[in-house]
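The chain contents come next:
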Amino acid sequence: MKHVIVVGNGMVGYKFCEKFVEQSKNKEFKITVFGEEPRPAYDRVHLSEFFENQDAKALEMAPREWYEEHGIELITSERITDIHRSSKKITTTKDLHYKYDYLVLATGSAPFVPNISGIEKKGVFVYRTIEDLEDMLGYAKEVIGDRKETVKAAVLGGGLLGLEAAKAVKDMGFEPHVVEFAPKLMPRQLDTRGSKVLQEKIESLGINVHLSKATNKILGDDVITGMEFGEYDKIDVEMLVVSAGIRPRDELGKTCDLKMGVRGGIVVNNRMQTSDPEIFAIGEVALYNNMIYGLVAPGYDMAEVAVNQIIGNTDVLMAEEIDMSTKLKLIGVDVASFGEPFMPVEKGYSIIFENKTKNLYKRVNISHDGNLLLGGILIGDASDYNMFHQIYLNGLPIPEDAEELIIGARGEGGSSFGSVLDIPDAAQVCSCESVTKGDICCSITEGGCENLGDVIAKTKATTGCGGCKPMVVDLVNETLKSQGKEVKEVLCEHFSFNRQELYDLVKVNKVADYDEALNLFGEGHGCEICKPALASIFATITMETPNRQVAIQDTNDKYLANIQRNGTYSVVPRVAGGEITPDQLIIIGEVAKKYDLYTKITGGQRIDLFGAQIHELPLIWKELVDAGFESGHAYGKSLRTVKSCVGSTWCRYGMHESVTFAIDIENRYRGLRSPHKLKGGVSGCIRECAEARGKDFGLIAVEGGWNLYVCGNGGATPKHAILFAEQLDDETAIKYLDRFLMFYIRTAGPLVRTAPWLEKLDGGIEYLKKVIIEDSLGIAEELETEMQGLVNKYECEWKQAIEDPEMMKRFKHFVNSDDTDDNLAFVPMRDQKMPKAWN
Amino acid sequence: MQEQDILNQYQSVSEDNVKEWFKVGVVEDFPENSGACIKYKTKQIAVYNFVRTGKWYATQNLCPHKMEMVLSLGMIGDKDGVPKVACPMHKKNFSLEDGSNLGGEDLKIATYPVKIKKGNVYIGFSD
Ligand code: SRM
Ligand SMILES: Cc1cc2nc3c(=O)[nH]c(=O)nc-3n(C[C@H](O)[C@H](O)[C@H](O)COP(=O)(O)OP(=O)(O)OC[C@H]3O[C@@H](n4cnc5c(N)ncnc54)[C@H](O)[C@@H]3O)c2cc1C
Ligand code: SF4
Ligand code: FES
Numbered sequence: 007m008k009h010v011i012v013v014g015n016g017m018v019g020y021k022f023c024e025k026f027v028e029q030s031k032n033k034e035f036k037i038t039v040f041g042e043e044p045r046p047a048y049d050r051v052h053l054s055e056f057f058e059n060q061d062a063k064a065l066e067m068a069p070r071e072w073y074e075e076h077g078i079e080l081i082t083s084e085r086i087t088d089i090h091r092s093s094k095k096i097t098t099t100k101d102l103h104y105k106y107d108y109l110v111l112a113t114g115s116a117p118f119v120p121n122i123s124g125i126e127k128k129g130v131f132v133y134r135t136i137e138d139l140e141d142m143l144g145y146a147k148e149v150i151g152d153r154k155e156t157v158k159a160a161v162l163g164g165g166l167l168g169l170e171a172a173k174a175v176k177d178m179g180f181e182p183h184v185v186e187f188a189p190k191l192m193p194r195q196l197d198t199r200g201s202k203v204l205q206e207k208i209e210s211l212g213i214n215v216h217l218s219k220a221t222n223k224i225l226g227d228d229v230i231t232g233m234e235f236g237e238y239d240k241i242d243v244e245m246l247v248v249s250a251g252i253r254p255r256d257e258l259g260k261t262c263d264l265k266m267g268v269r270g271g272i273v274v275n276n277r278m279q280t281s282d283p284e285i286f287a288i289g290e291v292a293l294y295n296n297m298i299y300g301l302v303a304p305g306y307d308m309a310e311v312a313v314n315q316i317i318g319n320t321d322v323l324m325a326e327e328i329d330m331s332t333k334l335k336l337i338g339v340d341v342a343s344f345g346e347p348f349m350p351v352e353k354g355y356s357i358i359f360e361n362k363t364k365n366l367y368k369r370v371n372i373s374h375d376g377n378l379l380l381g382g383i384l385i386g387d388a389s390d391y392n393m394f395h396q397i398y399l400n401g402l403p404i405p406e407d408a409e410e411l412i413i414g415a416r417g418e419g420g421s422s423f424g425s426v427l428d429i430p431d432a433a434q435v436c437s438c439e440s441v442t443k444g445d446i447c448c449s450i451t452e453g454g455c456e457n458l459g460d461v462i463a464k465t466k467a468t469t470g471c472g473g474c475k476p477m478v479v480d481l482v483n484e485t486l487k488s489q490g491k492e493v494k495e496v497l498c499e500h501f502s503f504n505r506q507e508l509y510d511l512v513k514v515n516k517v518a519d520y521d522e523a524l525n526l527f528g529e530g531h532g533c534e535i536c537k538p539a540l541a542s543i544f545a546t547i548t549m550e551t552p553n554r555q556v557a558i559q560d561t562n563d564k565y566l567a568n569i570q571r572n573g574t575y576s577v578v579p580r581v582a583g584g585e586i587t588p589d590q591l592i593i594i595g596e597v598a599k600k601y602d603l604y605t606k607i608t609g610g611q612r613i614d615l616f617g618a619q620i621h622e623l624p625l626i627w628k629e630l631v632d633a634g635f636e637s638g639h640a641y642g643k644s645l646r647t648v649k650s651c652v653g654s655t656w657c658r659y660g661m662h663e664s665v666t667f668a669i670d671i672e673n674r675y676r677g678l679r680s681p682h683k684l685k686g687g688v689s690g691c692i693r694e695c696a697e698a699r700g701k702d703f704g705l706i707a708v709e710g711g712w713n714l715y716v717c718g719n720g721g722a723t724p725k726h727a728i729l730f731a732e733q734l735d736d737e738t739a740i741k742y743l744d745r746f747l748m749f750y751i752r753t754a755g756p757l758v759r760t761a762p763w764l765e766k767l768d769g770g771i772e773y774l775k776k777v778i779i780e781d782s783l784g785i786a787e788e789l790e791t792e793m794q795g796l797v798n799k800y801e802c803e804w805k806q807a808i809e810d811p812e813m814m815k816r817f818k819h820f821v822n823s824d825d826t827d828d829n830l831a832f833v834p835m836r837d838q839k840m841p842k843a844w845n
Numbered sequence: 004m005q006e007q008d009i010l011n012q013y014q015s016v017s018e019d020n021v022k023e024w025f026k027v028g029v030v031e032d033f034p035e036n037s038g039a040c041i042k043y044k045t046k047q048i049a050v051y052n053f054v055r056t057g058k059w060y061a062t063q064n065l066c067p068h069k070m071e072m073v074l075s076l077g078m079i080g081d082k083d084g085v086p087k088v089a090c091p092m093h094k095k096n097f098s099l100e101d102g103s104n105l106g107g108e109d110l111k112i113a114t115y116p117v118k119i120k121k122g123n124v125y126i127g128f129s130d
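If you read the sequences in order, they're chains A and B.
Going by my numbering, the first residue of the first sequence is number 7, and it counts up by one from there.
Going by my numbering, the first residue of the second sequence is number 4, and it counts up by one from there.
Just some of the chain B residues that point at chain A, by a computed CB distance under 8 angstroms:
1) ASP32
2) GLU35
3) ASN36
Source of the hints: derived by calculation from the structure; they are not laboratory data.
On a predicted model such as this, the values are computed, not experimentally measured, just so you know.
Glycine included, C-beta positions come from ideal geometry on N, C-alpha and C.
Can you build the whole structure from these sequences, using the hints too?
So this is what it looks like as structure tokens:
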């Protein structure tokens, strides 16, 4: 039996083992793996997730038992110090000797720490291992402690990793500063314009950026207190994370005289062999084509090649071109670059789209003949990254008018990409788990999978970073369709109907409650998807409040309040149109003071009181209701706010009374349950101070009436509302709104807002106009009557709850004790309070 | 109490090693098809009353994901026939039978036996 020794149990070393055990010929080999780190290989790519839960186990590539089960000997906390090529032996730190037939060096790399005076001081860290993160967390806690002032920390390096580190530093409670030597962020992946857009976005997230700065000195006695750039150019930081690039850990190669690159790295050929054919090098230590690839995907390919070479499949070789496409994760801004991000003019031309107000930048590089996508950059919205990446990798055809790639196809329903099924089978869709398009489609056509869940369980696709999920969903749906299988939208495993079908079933059969619906049309015992969906359906048929069927309400609706981070609740009284009297302000202030609630003006023109305990909710609401306030339904999938601007009442440009109209509309639809939350806005002129076009419905005053806009939203995927009808009088505007809202409520899927609903509506906005304005379906009157019925039945659910002792029972923390939750702890913050963070 | 100590006090109890059947109230105190929270010494325990199957379950109230005392507030139901609770915070699903995470994550909650006798509800503890 031949002995293969793997030096290094990192991501690539692990992948080597995984690929090895998949080979049928592996019985002829014994594998021993040495890792210097104390634990088995873990997912370094998702290292930052360790900050969230400090759960090292969750990051493991495979548990120790996995190695045992496959007959692999794993020896951790043991570094290899020497290779004796003539006797084919290695030596460990504990001075043990092992003989090998093949040696695989997967020693990875180490962070590069520039030689700056004072860099050895306490408080300076690198970002590579779980231990690094643990040290950082410990230090951060020590430094920040109970201090009230902001404490600064810096990251040296504005590359991919540096930005990720900056986010981590910010989450630790520091004011983050990124210091970059180059004149732009992510200099290796982004062009100057893109980098600028990224910088603005990053700064808007509260991360400070310092470009073109060479650090001379780390200041402080033993502990870092600052960084010095020039004589008068300093910054006081109390922690520093160095993220200035990587250096291959090629010590072993040097000591045993393998061929090395001029700037380090162990030279390998396309079989991953070093200058000694029995010694292989893979991952970040290997210098292939004169390059070190600091990404995990090329490392995985190298592992695959090395496995095949050793096992005797000598025709498996490393590809000539290595894909360096990347997508930045975690930091809260979409950034991706693929293929050739910068492109010399001789090779092709670029199409660039930039919208500074939205921090959006897209660039695609196209070959001169207009046929190939050569690369590009996406900032602010990388939702097309997967598709672009596949087009680029596989040379798929692009639209004749290449600009459609970034600004979308004109006209109806046009996708600029063609079908996902056009991608070649070998294309890798999920790079974390190396799942190809073929794997996904075969799992359906041959593997017996019948839906997305089956496919994920079988292929493991999407279980890594999840970035490929949209594409996997499309592939699954398209494959099912191509097989003639109906892709039925079903609510969940308990109801094989979609929301609209259930709405009709409940209505036509006059179903009384959830249990009856489950008995008649469902199976099992329900779940957190179908219960609130049916609660919403019942509410939009009968206007019942969450007080009737308490058990099927989402937690927020059940307690008529939003649950907060620490299990306390918020209180938001309705302030229609944002208009509030001084007396009402005083009452809210008094209540907040009495119950010691954190108070904030919301983004919806009203006031939110945070930190109420469950048993306090009825007491607080009693006072508010007595003073004339009503529930603001901030917790419900229901009408939230109708924002207003002062309009013609005060404003010198105002055309109509926008406040009055906003109040009327908000009061009309208050309490209305819908598939997702609903927001409106009314502006007094086209200057649009009420942001009506950022809402599900918006009205803007113009000469001769109101322009009505529909299907906009802010939030995760902002969409401007679309002009629906012009110069309407008040009554017509309300009539159209009634019809529009009722039509949406009847037909949308659960948790689908108006914009994505419209996107999926066959025929789009033109069809919607026909139904609502021209009454093409002949249901307009019915929609209006239905809405009027709901409006008439409105009742404040908080008033209802506090008046009924039976309903009050649920507002109690313990069933068997009047104690309150003793786990709650608050800390002061700017004269108010906030929940104490867990240690 | 430190985070680890809070978590460590919750260890699953099986019927065989119950030392004390602690009375937590009468059946009517517990909302139908929902969870509710009870206190036992320093522990917070979530009790779930499945009226459709007539079954009761009890688990720690603490969600191990973000260490919040919230599981009794979650919606209950089943996944492929296994009774479960969905944490109200981030909707992680836990089996009420063995406390495992149904999304396959390495999170687990402690479970406790429940006994109904003459309209009273008892939970079994080993301490
Ligand atoms: C309090 C507030 C932020 C603030 O401090 O100002 C807020 C707070 C929350 N927002 Fe918001 N949003 C608030 C205004 C907004 C706005 C601005 C606006 O309405 O003009 C937006 C963008 C506009 C829009 O919705 O289109 C907004 C977009 C979201 C979204 C993303 C929705 C989307 O379609 O992508 C969510 C998540 C969701 O609903 O699924 C969300 C969800 C939430 C939740 C409910 C998250 C949660 O489940 O805990 C937050 C709890 C509120 C609470 O506890 O009371 N909030 N949220 C604002 C309350 C407004 C109010 O008076 O009711
Ligand atoms: C925070 C962070 C985020 C990242 N994000 C991404 C990303 O989004 N996308 C991406 O593609 N890549 C990313 N990377 C890079 C990716 O993690 C690496 O490309 C990958 O881990 C390289 O794998 P490797 O096995 O070659 O090296 P490593 O994972 O570093 O493993 C090498 C192992 O060998 C051990 N070792 C070294 N010398 C010896 C010796 N003499 N004896 C025994 N053991 C030894 C080391 O201790 C180490 O455990 C990220 C890296 C970090 C740190
Ligand atoms: S939109 Fe602006 S300018 Fe127009 S009325 Fe309102 S506040 Fe005045
Ligand atoms: S706290 Fe329970 S799922 Fe996150």
